[in-house]
Amino acid sequence: MTETTVPTREGYRIVGRSPAHHDFADKVAGSLLYAADWQLPGMLHGKVVRAQVPSARITAMDVSAARALPGVVAVLTAADVPWNQIVEHASGGLGELAVAMPVLAADRVRYQGEPVALIAAVSPQAAEEAAELIDVDYQDLPGVFEVEAALEPGAPLVHDEGNLLVTWNIGGDAAEVDAAMAAADLVVEGAYRTQRVEHAYLEPEAGVGWVETGGIITLRVATQVIEHAGAIAAILGLPANQVRVISSYMGGGFGGKEDMTVEPYLALLVWHTRRPVRLVFERQESLLATTKRHPFTMRYRTGVRRDGTIVAQDVDIVGDAGAYPYLSARVLFAACVCASGPYRVPMVRHRARAVFTNTPPTSAFRGFGAMQVTFAYEQQLDRVAAALGLDPVAVRERNFLAKGDAIPTGERLDTAVAVGECVRRALDALGEPPRPSGPGRRVGRGFAANMQPYGRTMWFRDRAACWLSLEADGSLQLRSGVTDLGGGQAASLAQIVSEILGLPLGEIGVHIGDTALTPPAGGTFATRQLYMSGNAALAAARELRARLLPVAAALLGTAEDDLVFEDGMVRSPDGSGGLRLAELAAACHQRGVPTSHLGTWYAPTGAFDPASGQGSSFPDYTFGAHAADVEVDLETGQTRVLSYAAAHDVGRAINPLRVEGQIQGGAYQGIGYALGEEIVLADGNATSTLLANYLMPNAVDLPDVRVVVLESGEGKGPFGARGIGEPSIANAAATIANAVAAATGARVTQLPITPERLLGALDALAVETDTVEGGPHAS
Amino acid sequence: MTDGDKQRVSFTVNGEAREAWVFPHESLLDVLRDAGCHEVRYGCGEGVCGTCTVLLDGEPVSACLLFAVQAEGCSLLTVRGLAQGAAQPGEPHPLQASFLRNGAAQCGFCTPGMLLTAWALLRREPHPTRERIRRELCGNLCRCTGYSKILDAIEDCRQP
Amino acid sequence: MVAAPFRYQRAASFEEAVAALAEHGEDAKLLAGGQSLVPMLNLRVARPEWLIDLNPVGAGPVAEAGGVLRLPALTRHRVLESDGLVRRRCPLLAEAASLVGNVRTRARGTIGGSLAHADPAGELPLAALTLGAEVSVLGPAGARDLLVDELLISYLTTALAPDEVITEVRVPAPRPRQGWSFLELTRRTSDWMVAGAAALVELDERGTVAAASLAFGGVAERPVAAPAELLGGLSGEPPAEQRFARVADLAAATLRPEDDVHASGTYRRRVAGVLGRRSLNQAAIRARASGETP
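Chains as they are written, first to last, in the working numbering: chain A, 2 to 780; chain B, 180 to 339; chain C, 4 to 297.
Only chain A is shown next, with the shape it has when bound in the complex (with noise of 0.2 Å):
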């Protein structure tokens, strides 16, 4: 097969533009269609009932009233489900506490919201009366909801195998870290804890399903992973064949549709009555029992030289993985392989346990676990420089990773690591530092570092496939299984495929996540999708390419290597001869050369070895630092962020303007998570399921995240690009943490940053105020 040089930088005609098509025209226009936006004709409204305790034993249910309502078509229990198991292996084996999910609770319930009964009604009037007649009995059992408590000895437990779902061990001997922590000129130490966050998409969960032709059990629902069919199929007893999964363009997911959401509920529903019905979930039912982030808590012991070189670093991870597995142990194990970001750390440990409460159950969040840690690994770095008197930026610059070194888990990094720039870049891109605006304010300036892996663990043996197919009148069909989050997913399939063959993007059409009609590509999580379906696109087109290529030479009498594929032509350089697409296809045709292409993309892969620590992890990360000017009121503790920088290597910027969109949201959502939002649990009860209670920030309450982009070129996606969707949220909770110890010497070491607890810190450091005699720290 002819290799197809990949353009030089300056030799690309799409790539590294920033067109907008697709989809996003659709979105501004206001026709795209929702998951919750299909209407069938005899379309039923779905409901999910919801125990509303955290954990009991259900001693009776009794839905005939239910049942009995006019209006109400279906009422499921767990005995109306053929296998009430929902199966996940989320550690590939290696190691993690075997536990069942059910799909609905049979006889015992674990979380407030899980799942009880299932409504299938005429209106959705009468599925919310139909719930109120759900008589269910409960009896309390003693929980837990703190992992501290849930791994005392004695403690209840949440499942009978055990409350401690998986650890992982990461890095060196035991005793040769300790030597080594024991010989550090300092050690620092430092507890860490994050809360509970929801990814509040402005799209609440929602499906509709129908039977389609065959039987077969259709759902076009906003999800992340169209491959759940499977899991469906074995839910409802039936062949995998049986079931069909449709992604409709999603309102957002950041990880919260990357599990099933309403897909069991929907297919039982629609199987049973075999009629459409529509399933969309209420928000305050999204904000109370959907999966949501992994709080952490974490330990971590740096032993340091005099000069700030890490010579160890120990490091302990609790995940709370709420009521069921979900994707925990893959959280935790992200966590642990980042733990150290991005750092040369010669004597390392990091260990990462997920554990059981009685809590909504907690899985994949844009960072997953690699983002929580940063809020610990570089607070202890600016301890670091503040206890040895150091410039921060110095004492990150003598540690950082190089291409070549290794990292805890034995592997060496081997693209480019830009680290160190980005630091420079993001905090050049802030300018001056402001004044503080009056008295009793204080300003400080913070930054921090991060490494964010991109693409699935390797001994998950990825792949993606794209297809494509040249039309007779010279247009281009796409087919890929790549499902969208918003984030440009399947637009930008289209760019690469256009870079390669030449057409419009008004030429390609792009049809994506079906598991009936397109090609496998696996999951649009992980940050995987562009190093994964863009490098099968990109194989795909090239694979064309060489294909067509002979075919052309020969009708234009031209050497291969000569010609250029552009504006839906394929032409000699010099002008002298050329041929439409259509022209081109009409002779493939003629000579029974295929103008389809089925491309595949192999991930490498690689072991892991859970017994030492040691082995393959994930194929590669992406490199940023964020900045941060802060104004502290010292008076009432709120933290104003005054201006924010982001900078990150992606390798290659396909679409600039939507590399610059991905980084500034994803600041956004960690400025969010660094200042106010939390979900407040007491005792495994929701303290408030209102959105209005969920403080996602608004349009006034942060600056224009500054972006800064580098492009090293190195990253193993098409074009050298490495992946950027998730990377981007992780700085923003450190970033602001050493701003505000910088502004007023006070460290948060728990999130959120809210004003109250930021007061507690200054209480705790007896600042004084240059307001009034007796400030707010005289009694």
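You may find that some hints are simply not true.
As the list claims (entries may be wrong) - Cβ-Cβ distance ranges computed for the label pairs, FRET-style:
{"hint": "1", "chain 1": "C", "residue 1": "V264", "chain 2": "A", "residue 2": "R462", "range": "57 to 65 Å"}
{"hint": "2", "chain 1": "B", "residue 1": "A265", "chain 2": "C", "residue 2": "A214", "range": "40 to 48 Å"}
{"hint": "3", "chain 1": "C", "residue 1": "A49", "chain 2": "B", "residue 2": "T308", "range": "38 to 46 Å"}
{"hint": "4", "chain 1": "A", "residue 1": "L391", "chain 2": "C", "residue 2": "P94", "range": "48 to 56 Å"}
{"hint": "5", "chain 1": "A", "residue 1": "E190", "chain 2": "C", "residue 2": "A214", "range": "50 to 58 Å"}
Stated by the list, open to error - Simulated coverage check for chain B against chain A, where a stretch passes if three residues somewhere in it have a Cβ under 8 Å from a Cβ of chain A:
{"hint": "6", "segment": "185-196"}
{"hint": "7", "segment": "216-223"}
{"hint": "8", "segment": "230-239"}
{"hint": "9", "segment": "245-259"}
{"hint": "10", "segment": "327-337"}
Quick caveat, the hints were computed from the structure, so don't treat them as lab data.
Ideal Cβ positions, reconstructed from N, Cα and C, are used throughout, including at glycine.
Since chain A is already given, all that's left is putting chains B and C on it; use the hints.
Below, chains B and C alone, put in the same frame as chain A:
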């Protein structure tokens, strides 16, 4: 508890006369969506997120906090009615084109609410500052963009 | 997501509304702006049998009579924040209105509805209390007037009988050399207040304090005025931040706010003191700047 009878309610949507038979408790949001205006979206039911924003007699309101019967005789504008103000038929409104050009839509779910609120603001104040635009968009939540490109897109459409 | 069914009646006048309330009693709720009521209906935590829609009553323009600002009960927040008369004669009220929710909230929310709803974290109840406003109320037995201080009883509880409706809100004329302030601490812009303070400071010809009022919101079951004796101690003295601080701190010390998901009572009390001082200070600065004419 007894239902009231269905009532007839008449209003215009994007200049087109519409009529519906509704129970009093049916929200304007649900009735509009059932009538095919799926661009008006359910996001929270609390009036907080802004995805159900419509213009009622020129003012942004939460369709989830109005009952359809309250819209009797009113003139409603959804984002699909914006294009009627474009230079040529079939072209997007300049605000929509600006959103596209500036990358102001990622997942797009908040976009109709943003566009309508911005349109209503620019009609009253042709040259608002960036801070003024921020305050006006306070009640339109976006989870994807961090707001910057939305503000850029609206600034681009200010009168000189 | 869907409200429980109810019967619906439009009221074209306050009299009609009163008659409907009298007929249906506790089963009926008045619908004005709906920005507080309808979320409760959507979540099915409130299920009135009857909804009496006051919106057809409408609101005439804001007017001034003998210095008193007369606000029809259905006046929307959006009007309060932008109306020239309100901004000139009662900037405290305009500022408070501009902080209520978002543009959509303000397009529909009404001052009558806000006072009748009596949310202790509401901006308008706090503003109205501080201004010494009074309301006219219509019931089956006729009309009566009461001070906002008499109207607001407790959490979501007013002195209104189930068959009464607020028809008008009146704000006394501003005093010469009077400055105002309305400050709130929120977790996010446009959220319910964690704590708020509103103040009026009137100076005499010598520039000393003639009168001062201060009230807090979000820190009790209803907005609460600082004790008059404390504020009285400011009279005759030059305005000084130290004195304001002591008054505000002492006033805040009498508060017993509750904890909620956004802040503890202890924090609210502390912030109330800070905001109290800042608002007295800001009001005094505005009073000095206002010169002779209000």
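For each hint, the structure was consulted:
1. C:V264 - A:R462: 57 to 65 Å: violated, 45 Å
2. B:A265 - C:A214: 40 to 48 Å: At roughly 58 Å between Cβ atoms, A214 of chain C and A265 of chain B fall outside 40 to 48 Å, so the hint is violated.
3. C:A49 - B:T308: 38 to 46 Å: Holds: the Cβ-Cβ distance is about 40 Å, inside 38 to 46 Å.
4. A:L391 - C:P94: 48 to 56 Å: Holds, since L391 of chain A and P94 of chain C (Cβ atoms, about 52 Å apart) stay within the stated range.
5. A:E190 - C:A214: 50 to 58 Å: Roughly 57 Å apart at Cβ, these two residues keep to the hinted range, so it holds.
6. 185-196: With 0 residues in contact (Cβ-Cβ under 8 Å with chain A), the coverage given for the segment 185-196 of chain B is violated.
7. 216-223: holds (count 6)
8. 230-239: It is violated: at least three residues are needed, and the segment 230-239 of chain B offers just 1 whose Cβ sits closer than 8 Å to chain A.
9. 245-259: holds (count 3)
10. 327-337: holds (count 4)
In the structure shown, a violation is registered for the earlier hints numbered 1, 2, 6 and 8, in ascending order.
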